[in-house]
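Chemist: Assemble the whole structure, with the sequences as input and the hints as a guide.
To get our numbering, take the position in the sequence shown, counting from 1, and add 554.
Just so you know, these hints were derived from the structure itself, not from any lab. The model shown is predicted, which means the values in this text are computed figures rather than measured ones. Every residue gets a Cβ at the ideal spot worked out from N, C-alpha and C, and that includes glycine. Just to be clear, a hint being listed does not mean it is correct.
[Stated by the list, open to error] Label-pair ranges, simulated between beta-carbon atoms:
1. A680 x G629: 31 to 41 Å
2. T639 x P592: 13 to 23 Å
3. R667 x S609: 13 to 23 Å
4. A680 x A628: 28 to 38 Å
5. A557 x H677: 28 to 38 Å
6. S610 x V655: 13 to 23 Å
7. R641 x R664: 27 to 37 Å
8. R641 x S609: 10 to 20 Å
9. G600 x G645: 33 to 43 Å
10. L593 x F622: 18 to 28 Å
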Amino acid sequence: MAASKAQRFVEALYALEEGGNVEPLASLHGDDADISNPLVPHVHRGEQGAREFWSSYRGTFDTIHSDFHHVEDAGDTSFLEWTSTGRSTQGRDFSYRGVSVVEWNGDRIRAFRAYFDPRHLGHQLAV
555 MAASKAQRFV EALYALEEGG NVEPLASLHG DDADISNPLV PHVHRGEQGA
605 REFWSSYRGT FDTIHSDFHH VEDAGDTSFL EWTSTGRSTQ GRDFSYRGVS
655 VVEWNGDRIR AFRAYFDPRH LGHQLAV
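Modeler: See the structure below:
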């Protein structure tokens, strides 16, 4: 059986988190994809924008691992509830929870949005 869209996203994210390989995740994004979260001041667009967004995300942390509590595909939208834990590049431990919404156009991501409390994460990462 083929992996669900959400499972493909999770597998690509793990390749980034565990090995630093951004390409599996970047290549899931379509040319017109919009990528954002509360800590990014502008929307990244397309596969190259995804590459920049996800490389910056991974570069923020020395280690990071996301545990997914609930993953659901509903038509062309995937919903993922998660907790991410790890250590910042400044050596501070962190843990934060959120939800990601991934909209698909066929097999490519049309939009990625993450929702979490940036203040909670910011307090943990502050030096």
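Chemist: Indicate, hint by hint, whether the structure satisfies it.
Modeler: Here is what the structure says about each hint:
no.: 1; hint: A680 x G629: 31 to 41 Å; verdict: holds (40 Å)
no.: 2; hint: T639 x P592: 13 to 23 Å; verdict: holds (18 Å)
no.: 3; hint: R667 x S609: 13 to 23 Å; verdict: holds (18 Å)
no.: 4; hint: A680 x A628: 28 to 38 Å; verdict: holds (37 Å)
no.: 5; hint: A557 x H677: 28 to 38 Å; verdict: holds (36 Å)
no.: 6; hint: S610 x V655: 13 to 23 Å; verdict: holds (20 Å)
no.: 7; hint: R641 x R664: 27 to 37 Å; verdict: holds (33 Å)
no.: 8; hint: R641 x S609: 10 to 20 Å; verdict: holds (18 Å)
no.: 9; hint: G600 x G645: 33 to 43 Å; verdict: holds (34 Å)
no.: 10; hint: L593 x F622: 18 to 28 Å; verdict: holds (20 Å)
Checked against the numbered hints given earlier, this structure breaks none of them.
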